[in-house]
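**Q** Listed below, chain by chain, are the residues.
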Amino acid sequence: MQLIMRKWLDRLFSFSAYSAIGLIIFVLVLVIGPIFVKGLGAYLFQGTIDNRRMMLNQFNRGDEGTLEVEWMEVKQERKSIYDMFSAFEKELDNMSATQRKTLKPVYKNIKEAVAVLIGPEPGAQLPALPRRIYGQTRWDRAQLKAKDVLFEETWDYSGAEGKKVLTPRAPLFKGTALEPLFPKIEKNLSQLMRPRLTFYPQFLTDKAIDAHFFGGIGAEVAGTIYLALGAMLIAVPLGVIAAIYFKEYAKEGPTLSFLRTCVNTLAGVPSVVFGLFGLAFFINTLHVSPGKSVLAGALTLALLVLPTVIRASEEAIAAVPHTYKEAALSLGAGKWRTILTVILPAALPGILTGIVISMGRAAGETAPIIFTAAVSVGPLVMPSEVFTTPTPALSWNLYNICTEHEAVEEIRHVQYGMAATLVLIVLTLNALAIVIRAKVSRKLKG
Amino acid sequence: MKQTEQFIVSEQTQRQRKAVAWLGRSFLFAVTSVAALAVLAIIFFIARDALPFFSGARGWDFFTSCEWYPTATPPKFGAGAIFVGSFIVTVTAVVLAVPPGILAAVCLSDLLPFNIRQIVKPVIEILAAIPSVVFGFFALVVLAPFMQDTCGASSGVNALNASVILAIMALPTIVSVSEDALQAAGRELREGSYALGATRAETIVKVVIPSAVSGIFSAVLLGIMRAMGETMVVWMASGNAAQIPSPIYNLLQPVRTLTATIAGDMGEADQMTGSAHYHVLFAMGLCLLIFSFLCNLAGEWIVTRQRKRLRGG
Amino acid sequence: MSMNASALSEQFHTHIETKAFSVFYGAQEAVKRVDMKIPQGQVTAIIGPSGCGKSTFLRAINRMNDLIPTCRAEGELLVDGLNVYDRGIDASVLRRRVGMVFQKPNPFPKTIYDNVAYGPRLHHSYAKRELDALVEESLKGAALWDEVKDRLNKNALGLSGGQAQRLCLARALAVNPEILLMDEPTSALDPKATARIEELIVQLKGRYTIAIVTHNMQQAARVSDVTAFFYEGLLVEFDVTSQIFTRPKEKRTEDYITGRFG
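Chains as they are written, first to last, in my numbering: chain A, 471 to 916; chain S, 102 to 414; chain G, 13 to 274.
So that you can see chain A by itself, here it is in the shape it has in the complex (with noise of 0.2 Å):
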């Protein structure tokens, strides 16, 4: 071949290389960014007046004399509004026959929708359901069902696919009582609304509200917490002992390989069927708990993480100076003394790297827990009840909140900070398990 033939396809296998790299990394940055930037925004967000009420009457959160005074104020506005539908609705009786027949359906709409958005009249009687008390508590939310509010949606199938097409309401209602509505939603949104920055930290920890209306993911973040946590304590020492024992004591023969295939073969046992196990063993048959719990989902996922942690003791403790050990026995120190005195400190960090990241990954699995541990809705499991009772839990939750969930698009913002806090968690354990890694490489280096 030509040699500038050769250079240009060693040019273009270059460029095909990195380019690889650069689609990972493009990857990367397209799954993850989005869902740290609008999880974000289920932490700092624009709040309206009604999530300024909601945090005082479900948890107690605000300064009431303030939120009084602007409450004051904001009801005043929106009475106003409701003036207009009684007005209206004196109008629509004296109206004729095809009048009404075109208003009405459309007048329904719209009352519907401004209940939804700002929130049922001031005065009458609440509903019972707490979605329905307040109006929206996000901006971006408000404005969005303001469009509701002031257009009218239909389809056009006049071409090949459907088009949703927006058709304003307020030509209408010209020369009605209504009239004045659509330009005080249009422009005046904010002074029904009262928009203000606000942090809410406590999305991390406050229980949720109405099927996660409002609230935060406390419940979630406490199962997750207890399921990894949980799973750590019965997988580390088991993973441990087992390391030392086929690193320290193991002699080379058909019982060690066979002991090393089982796990091997462990580690690539897909997550739904230690899920199936879990159900038929920990809980079918062990009945170490009556139904779904904490304990059954924690046991399943020790399970799911035991290869990573005896792989990453073993290779820790190989990795400690022969010259370690020799100097220990030549000291007159027996083998278990030598193990537990001076390898197992040594080999500590690499063994720490392994807890840390089997931690991660039992925080992010769901498939074992469905069966064994999560529920979609329930109250935060207090530690005395961890034997027993099943857990809401990130992975899960997230799960169910954007397919199973009534109004799925309604806490879109929710989805996304779950997402996010799971990422987070997940993402810190691992920078965790990298600055120990490089304390490790540091001191080995001296």
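Hints are all accurate, no fakes.
Below, a list of computed lysine to aspartate or glutamate pairs in the EDC-like style, where the Cα atoms sit at most 20 Å apart:
#1 S:K307 to A:D480
#2 A:K549 to A:E559
#3 A:K721 to A:E785
#4 G:K49 to G:E29
#5 A:K617 to A:E880
#6 A:K571 to A:E623
#7 A:K549 to A:E591
#8 A:K477 to G:D98
#9 A:K477 to S:D211
#10 G:K122 to S:E292
#11 A:K477 to G:D78
#12 G:K44 to G:E244
#13 A:K571 to A:E582
#14 G:K44 to G:D78
#15 S:K119 to A:E718
#16 A:K581 to A:D553
#17 G:K122 to S:E289
#18 G:K152 to G:E190
#19 A:K654 to A:D553
#20 A:K549 to A:E656
#21 G:K49 to G:E88
#22 G:K116 to S:E292
#23 A:K654 to A:E622
#24 G:K161 to G:E142
#25 S:K307 to G:D126
#26 A:K581 to A:E649
#27 A:K634 to S:D250
#28 G:K44 to G:E86
#29 A:K477 to G:D102
#30 A:K581 to A:E623
#31 A:K477 to S:E292
#32 A:K633 to S:D250
#33 G:K116 to S:E289
#34 A:K634 to A:D618
#35 A:K909 to S:E226
#36 A:K574 to A:D618
#37 G:K49 to G:D98
Think of the hints as simulated: they come from the structure by calculation, not from any bench.
If you're wondering where the values come from, they're calculated on a predicted model, not measured in any experiment.
Given the structure of chain A, go ahead and fit chains S and G onto it with the hints provided.
**A** The following block gives chains S and G in isolation, referenced to the frame of chain A:
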């Protein structure tokens, strides 16, 4: 006199010490066995709850029929389409992930300078640490609308969506294991090729990759295992329609996988522990387990064959 | 630094010449401003204690040091009058003309045939018959043909150390270089294999210009025509081999030869 006495230990003490040592050793062995034999327990209990389904002589239909109506009366358990769904999604994910994966590994092992490599490696590992449910969320909220708006798919959740996400999840494993294999080829091998006048691309493609082929194969195998065993992503992104796409290469149609079926159906089925529905889900679990065993065996076979080859044959 | 340059360059054409040639690893100067003329068709041995820069110098001739990111060269290194560090020179082409055999035999994990054919296939396309003849000739040149002619399709990794090194030599010969660089080619081999390689070196000279780095002074005395003594990056003495070993001009050379250090 006193000193020699200290060296000689009484027989009784010796026996005591030996007994204690034996006890300690046995304890360690017992604990290790529990950890290791967990896998045997898994096989046993999954098989135990799966066999009642097969003993009902429904085995043939399970694999070949596509009529999956587990809640109908009488229920039909034809999981053929579900097996095909798992297969399609796994194969597509691997096909999408392997070329960029190997190229990225090459970049890490041969092209990037050491400093940059130290930064890029952890970055790729971040991708590996992201929980699968978060990937599923991304697939649902970002990728699905994108597919509907831009690619004109009738449904944003389909085989392609799931395959793309699975490929992204399998990439870090493929990159990392392949990179280890490429590094292991050694500096001398590369130097031998360069000294004959080969370009970098020629050296990598003609000498380094062929020598690392078994490691790359292991990497691909691990990628396959990851894709096949993944649950949340396919549950959220594949559309969950138990049908074979027509034509079969139309990836923009929804499919259903074994893992998603188990996760999705067990919620209802576990109320009826002991029902046929419960057992058929365990049967699916057993199939997944057997598949992972076969992959493990293939992996071990590759490693042994590589060892034999290095000894010269 | 003394050179019996006049005597040497009168008899033989200078194949490789360096002028104030230095090699740096970052800030460290491993080869310091070397002026040297390597004669054509002769065997030049490069000796010196470990760390004196002899391998670095050798690898600079076929620009293998380019593979090390922190490495850079200054001064001129001319092959047949052409500075190989010039911007327009392509390293691939250079390495076809300047072959190298390494300290540790490094056959590719391919068949014996494919190992030898690898180099030629890169640069030209051959008909099967041509390639077969080329492989045979190269293996004969490395005195390996008789031992492997019946198993050309077997994996090269099954060869013994000495055979593998001869295979690497055959591989280098197959691209028809003019210069052969050998970096301690026998240090990983047993005495019998070493002797065979040394025989080959003596056979091959004349047709090829050979430069061999060795820490084994007896080997240098046995096979080479001229010897260069390096010490701490400097070319201390460069002379006809018999002179270096019987009447060295520099004290450092004499100290090394007599074993006072290194």
